[in-house]
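Residues per chain, in single letters:
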Amino acid sequence: MGVREVVELLGLDSGTLENGEIIDTTVHISDVATLRQLFGGSLTDEQRSQFTGGTASSDEHPQMSALIDHVFGSGELSDETRTYAGQVFPVQVRLMAGGTVTIDTDLTVGPLAQPYAIIADNLIFAGGSLTMLATSLTIQAGQVSVKSGSAGKPYHLGILGVDGTQPQQASAGTAYTQPAAAGSNASAPTPGICTGASNGGNGTNGSKGNTGSNGQNGNAGSASYPASITISKFDPASTGVLVLQTQSGAGGTGGQGGDGGTGQDGGSGGSGCDSGCEGTDGGNGGNAGPGGDGGPGGNGTDGINGYPINISFPLASKNMLQTVSLAAPPGGKGVGGNPGGPGNPGGGGSGGKHKSDGQAGSGSGKGQPGADGSAGTNTGAPGQIIPTFT
Amino acid sequence: MHGLPASPAVAAADDDPLSAPRSRPLALASPLPRREDWPKGVRLALVHDLHEARGLLGPDGPEQRAARSALFWRARQIRARARLRLGMHDRGEDFLFGSADLCAADAAGHRRHLPLHLKTVHFDSLKLAAGETLDLCAKADEWPGLHFREELYLWVRIGRLEMGPGSRIAVRGNVCAMEFDTISFAGPPCPQSADWPEIAFLGTPHAPFSAVRGRDAEAGRQGERGADGRDGASVPVRPGVFGPRSASSGTAADGGAGEAGGDGGAGGDGRNGGMLMLADLRIGALAGFGRAKLRVLGKPGDGAPGAPGGQGGAGGRGGRGGDGFAGVADAGRGGPGGSGGHGGSGGRGGQGGLGSNIFVSAPAEDFGRLELVALPGAGGAGGPGGAGGLGGAGGEGGRRHGGVDAAPAAAAGREGDAGAAGAAGAHGRSREPPPIHFIPLTESKPFNPE
Numbered sequence: 001m002g003v004r005e006v007v008e009l010l011g012l013d014s015g016t017l018e019n020g021e022i023i024d025t026t027v028h029i030s031d032v033a034t035l036r037q038l039f040g041g042s043l044t045d046e047q048r049s050q051f052t053g054g055t056a057s058s059d060e061h062p063q064m065s066a067l068i069d070h071v072f073g074s075g076e077l078s079d080e081t082r083t084y085a086g087q088v089f090p091v092q093v094r095l096m097a098g099g100t101v102t103i104d105t106d107l108t109v110g111p112l113a114q115p116y117a118i119i120a121d122n123l124i125f126a127g128g129s130l131t132m133l134a135t136s137l138t139i140q141a142g143q144v145s146v147k148s149g150s151a152g153k154p155y156h157l158g159i160l161g162v163d164g165t166q167p168q169q170a171s172a173g174t175a176y177t178q179p180a181a182a183g184s185n186a187s188a189p190t191p192g193i194c195t196g197a198s199n200g201g202n203g204t205n206g207s208k209g210n211t212g213s214n215g216q217n218g219n220a221g222s223a224s225y226p227a228s229i230t231i232s233k234f235d236p237a238s239t240g241v242l243v244l245q246t247q248s249g250a251g252g253t254g255g256q257g258g259d260g261g262t263g264q265d266g267g268s269g270g271s272g273c274d275s276g277c278e279g280t281d282g283g284n285g286g287n288a289g290p291g292g293d294g295g296p297g298g299n300g301t302d303g304i305n306g307y308p309i310n311i312s313f314p315l316a317s318k319n320m321l322q323t324v325s326l327a328a329p330p331g332g333k334g335v336g337g338n339p340g341g342p343g344n345p346g347g348g349g350s351g352g353k354h355k356s357d358g359q360a361g362s363g364s365g366k367g368q369p370g371a372d373g374s375a376g377t378n379t380g381a382p383g384q385i386i387p388t389f390t
Numbered sequence: 001m002h003g004l005p006a007s008p009a010v011a012a013a014d015d016d017p018l019s020a021p022r023s024r025p026l027a028l029a030s031p032l033p034r035r036e037d038w039p040k041g042v043r044l045a046l047v048h049d050l051h052e053a054r055g056l057l058g059p060d061g062p063e064q065r066a067a068r069s070a071l072f073w074r075a076r077q078i079r080a081r082a083r084l085r086l087g088m089h090d091r092g093e094d095f096l097f098g099s100a101d102l103c104a105a106d107a108a109g110h111r112r113h114l115p116l117h118l119k120t121v122h123f124d125s126l127k128l129a130a131g132e133t134l135d136l137c138a139k140a141d142e143w144p145g146l147h148f149r150e151e152l153y154l155w156v157r158i159g160r161l162e163m164g165p166g167s168r169i170a171v172r173g174n175v176c177a178m179e180f181d182t183i184s185f186a187g188p189p190c191p192q193s194a195d196w197p198e199i200a201f202l203g204t205p206h207a208p209f210s211a212v213r214g215r216d217a218e219a220g221r222q223g224e225r226g227a228d229g230r231d232g233a234s235v236p237v238r239p240g241v242f243g244p245r246s247a248s249s250g251t252a253a254d255g256g257a258g259e260a261g262g263d264g265g266a267g268g269d270g271r272n273g274g275m276l277m278l279a280d281l282r283i284g285a286l287a288g289f290g291r292a293k294l295r296v297l298g299k300p301g302d303g304a305p306g307a308p309g310g311q312g313g314a315g316g317r318g319g320r321g322g323d324g325f326a327g328v329a330d331a332g333r334g335g336p337g338g339s340g341g342h343g344g345s346g347g348r349g350g351q352g353g354l355g356s357n358i359f360v361s362a363p364a365e366d367f368g369r370l371e372l373v374a375l376p377g378a379g380g381a382g383g384p385g386g387a388g389g390l391g392g393a394g395g396e397g398g399r400r401h402g403g404v405d406a407a408p409a410a411a412a413g414r415e416g417d418a419g420a421a422g423a424a425g426a427h428g429r430s431r432e433p434p435p436i437h438f439i440p441l442t443e444s445k446p447f448n449p450e
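Heads up: the sequence lines are chains A and B, in that order.
Numbering (our numbering) for the first sequence: 1 to 390.
Numbering (our numbering) for the second sequence: 1 to 450.
The following block holds chain A by itself, in its conformation from the complex (with noise of 0.2 Å):
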């Protein structure tokens, strides 16, 4: 179909086109014909069974995993499907579509994006990229012509997925708010008088500090989404090779697990008898608790599998396509959580009038940092790029 069809097909006013002007706006797209004549009007029977046949397994729901299947590759609309997909649309599609196109910029669409469409009679790279991350993407284009590459992207059309991200760390061991017990303060049996008075109590030796929580599992990234490129001609003017990336996304990094809590502080010594003219001693203060031991680190994540990619390239230019598969690795491990500090000592309690104050309690280690987690075992397989050479 050229662009005038496209846009009629969706409703819009082909009369804008006349002045040379880009339809860039967002379309809503009620039924699956319509969208899989978009996304997949101009591929060969052989192209949507190769899209079939290289759609890895995914987790999405079954219906929706059809659905894909219908749209980009050859799989029926069984009834249960067409209902299903009743749920899903409308679709909004984001359309730019119009005699020149030309990418001079970095453009990055996605991760939480429509649907993108560029319907072109000519298509230019010039000096820009176009990054599609988990977005699905469609290219109809009657002739592209690479003017200049990007400088910030090593390549002019990249079909991403999402890398999975790292949690937050988890929560530290919970604090103590209160120091332990203080010791008993002494009091004059009689006023003004410490005469058979005990000195103070000694303080409780602190508790060991809580232990970090355990650090969750990396985030999942998100697959590159699927995507169908048809390019009758490609201008032999051009500089260079036209360069296709993909690359699904990678798996979360384990979150780091939580830090072990503060030891609890050591109660203090209670305070001798003091009547203002005569006292007792002050009780020693408790020991430092010692801190808490760091929580385990969380998992890595596997790398996600992308989806098929079609691409439909002049025959005679077969050499100015240039293909990257990269695959998506795996998550790395969640390291430990650190060891908590240990608490304050008690300090001792005060003696009375001419008696010796209390000994502040000793002081105690640090806790035990936590076990790292597994890194993700399993990488993302890139989406199948599948070439058509006409």
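Read the hints as simulated data drawn from the structure, not as lab findings.
Any given hint could turn out to be false.
What the hints assert, rightly or not - Among chain B residues calculated to face chain A with C-beta under 8 Å, some are:
1) W38
2) G109
3) R111
4) R112
5) H147
Unchecked claim - Now the stretches of chain A that chain B is said to cover, found in silico as 3 or more residues with beta-carbon under 8 Å:
6) 168–179
7) 220–229
8) 268–278
Unchecked claim - Label pairs and their calculated CB-CB ranges:
9) B:D141 <-> A:T195: 48 to 54 Å
10) B:H51 <-> A:A181: 45 to 51 Å
11) B:W143 <-> A:T195: 22 to 28 Å
12) B:L44 <-> A:A181: 42 to 48 Å
13) A:T195 <-> B:E218: 29 to 35 Å
Glycine is no exception: its CB is placed at the ideal position from the N, C-alpha and C atoms.
Mind docking chain B on chain A? Use the hints.
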């Protein structure tokens, strides 16, 4: 003000050279010399027996002692103390300076103060320049390791004291005996009353022991800021081949309420004013005063102000409402801000210091040359209440994704109420002024400012 060792006061040339006013006090070894042989200069001594102390510090003659005992318990505050254990100190002083016997029941308590720590200042003559203040106090740090609150004793024996206009001798919180053969005034015959020389008996520089006001007043702690409310969970949105989508329906979660700020802590109570200890001023003659007077001032310490209450903590911010998704789930409302914490109450002001007897003996004809001024220790001001904490801001309303409009789609939470200010602390009470008794050297003539 300065102490005698650093004083520019000029001692007569015939003074012991080791006891020049700028030298450190010298310690006397036991046994102590007799009263009439007491060395000149500034000395420190330990008196191990109350009878020995009685001989050193008390007045001469049974009549003078009897006159003191007759007046000793006249003041209401001193009579009231007699019912407390604190009264053993008064009873001991009645023995030292009056004609009373020791009370056997007080013996154990008296022993805890022995030996008495005595500082003596003994000169044949001393001159105070105009406007000069001489601090004669015995201080606890002059005896290594002595508790700062130990009762200290001061004995001043000066033959001829010449006081310039506006000059002053100050004693802070020592049990004190002062003897002067002659006090002369070296000023104009008709000075302003502000230029009259003064002997001041004041309260201890430290607060008295108190089981409930054991430390200097500390400001109330500031209330902790309330924790922010938890942000409401947004409807999960993820990429999709046919555009972003959400599996949820209904409403995104509202933001949680901000936590209330913590109340400010109460300010500490001010400590009570230092106690004015017994003073016995004995003057053989006053000379050169003209129309001037020798002012004898008695004033215990003022109560310390109460500390301010702590400010209430600010309320926590309300949580942000969760984001919804167009056509699927409404956005959540912002959570309300937490209330501000209430300000802490101010601490109570300390009470004015207690007073003991001040005895002044001089020839009867010199009574008109004395101005006896008894002032109470003022109560400390109550601490101001802490300010209330600010209310937390309301949480922002959630937004709606999936459509063109990304403006807030749900209402923001309301702002939290501010906390109330804390109440101001009560002012401390002033106590009765110390009783000053004039006792003529020939007959008793009480002076009671009450």
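Going down the list of hints, with the structure as the test:
no. : hint                          : result
1   : W38                           : violated, 29 Å
2   : G109                          : holds, 7 Å
3   : R111                          : violated, 10 Å
4   : R112                          : holds, 5 Å
5   : H147                          : holds, 5 Å
6   : 168–179                       : violated (count 0)
7   : 220–229                       : holds (count 3)
8   : 268–278                       : holds (count 5)
9   : B:D141 <-> A:T195: 48 to 54 Å : violated, 28 Å
10  : B:H51 <-> A:A181: 45 to 51 Å  : holds, 50 Å
11  : B:W143 <-> A:T195: 22 to 28 Å : holds, 24 Å
12  : B:L44 <-> A:A181: 42 to 48 Å  : holds, 45 Å
13  : A:T195 <-> B:E218: 29 to 35 Å : holds, 31 Å
Of the numbered hints listed earlier, those contradicted by the structure are 1, 3, 6 and 9.
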